[in-house]
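**Student:** Numbering (our numbering), first residue to last: 5 to 369.
Hints in this document: simulated from the structure, not taken from any laboratory.
None of these values were measured; they are calculated from a predicted model.
The beta carbon of each residue, even a glycine, is placed where N, CA and C say it ideally should be.
Careful: at least some of the hints might be erroneous.
Unchecked claim - Have a look at the derived ranges for each label pair, beta carbon to beta carbon: (1) R134 - R227: 35 to 45 Å; (2) R301 - T74: 13 to 23 Å; (3) R227 - T319: 22 to 32 Å; (4) R100 - T342: 17 to 27 Å.
Unchecked claim - Here are the computed lysine-lysine pairs in the DSSO-like style, where the Cα-Cα straight-line distance is at most 30 Å: (5) K77 - K344; (6) K122 - K344; (7) K344 - K324; (8) K104 - K122; (9) K104 - K77; (10) K122 - K193.
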Amino acid sequence: MFFRRKKDAAADQEAVDGQSVNGRAKAKAAEASGRSAAAAVSTAETAHLVGPGCVRLQGRLPVWTPVDGTPLKLHPRHLRRLLCYGNVDLTTATLRLFWKRGIQVVFLSPHGDRMLGKLQPGGRFPNLQRLQHLTANDAAARLRFAREVVDAKLVGCLDEARYFQQQGRGDSAGVLMRQLRAVQDRLAKAVSVDAVRGHEGAAAARWFPFLGSLLPPEWRIDRRVAHPPTDRTNALLSLGYSLAYHRCETLLAAADLDPRVGFLHDIHPGRSSLACDLMEPLRATLVDRLVIRMVSRRELSQDDFTPHGPSWRLTPGALKRYLAAFEEAFEAPRRGGTLKAETIERIEAWSRRFRETESADGEAK
C-alpha cells in the first residue's frame, strides 16, 4: 500500500526556510514598495497568503505585500483566519492586532501539505470543534451531511463521465450517467448513514469498470483493490487518495475543525474520518482523472514500478513526477476555480453550518 511518509516539523521548516535569503530580501523590498502601491481590499473570513512576502500595518489595517503580486488589505472586522504558505513574515504590531481581534494565524509548508504551527488566540467565535461534535452526535444532522458528501462525490463522477464522453472516450458513459443518477435518486431517500454508505458502494461498483475502460489495455482494472493494491493502477489510485487525504487533513486542522470526527465515516482509531469525508468528491475529479491522464499519455510506464510484497511502488524518479502532477492538478484552474479552492469553500461552508447550531444567547441548541 502506498502512503507518503510524513515529514517531521524540522524538515517542513527547512522547506520554508529554503526559499533563500534572497527571498527574504525581496520580501523586505516588497514591503517598502508596497507602502505606495494600490492595494485591493479583502473582506473574506479566510485569507490565503502564499509567500514570500510580508504583512505589516498601514494605518489601522494590516496589508499583505507579496514579492510578486498586488498588495492586499486585510479587514480585521471580517477576517477570522489567516493561512500562511511558506515564507510569510508578520510584524509584531500585526500579530498584536490579530491576537486582540481573535484572528487565528496558521503557518503551513509551501505546498500546504503540512501544518507547521498555529497562533490560536482566545476566540470571539464559538469553539468550532465543540459545535462540530454536537452536529455529529445529532442523528438527523449527521445523515444530512453524509448524504451531501456522497452526492458531491456522485456529481464529480457524473462530471468526469460527461467530460470523457465529450472527448469521444468511454462508450459506456451514457449508461454510467443514467446509473449514477438513479443512485442519486435513491440516496435522497436514504434514512440512515448505513444506507448512504450502501448507495456510495453501489456507485463505486459502477464507476471503476468505467474508469478501467478508459485506460490502455495493460493498465485496465474492473474493480478497486486497496488493501493492498495488487496491480499498478490500483497502486497509483491508492497513492493519489493518500495524498488527497493528507491535504484534506491539513486544511481541516488549519480551519480549527477536528479531522477525527466525520459524518459518512465513523470514528476509527488512527483515522481522520472528516478528512475521509472531505476527500470523497476529489477521488474522481482529482485522482482518477490524474491517473487516466498520466498512463494514457505515457507519462508513467509499467517499468516505473518495483514490487513491494504483494503490491507495487513507484521508482524515485516516477514518484517525483507523480507528486508534481498531483500538486499541479490540485491547484490548476478548472470550471472557474480550482479543486483546492472548492475544497476550502466546502470546509468554510461546513464551519458556517456548525456555527448555526449556536443560539443567539451563545448556548448550543
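**Student:** Each of the hints needs a verdict: does it hold here or not?
**Tutor:** Against the structure, the hints come out as follows:
no., hint, verdict
1, R134 - R227: 35 to 45 Å, "holds (41 Å)"
2, R301 - T74: 13 to 23 Å, "violated (35 Å)"
3, R227 - T319: 22 to 32 Å, "holds (26 Å)"
4, R100 - T342: 17 to 27 Å, "violated (33 Å)"
5, K77 - K344, "holds (23 Å)"
6, K122 - K344, "holds (21 Å)"
7, K344 - K324, "holds (20 Å)"
8, K104 - K122, "holds (15 Å)"
9, K104 - K77, "holds (18 Å)"
10, K122 - K193, "violated (41 Å)"
Checked against the numbered hints given earlier, this structure breaks hints 2, 4 and 10; the rest are met.
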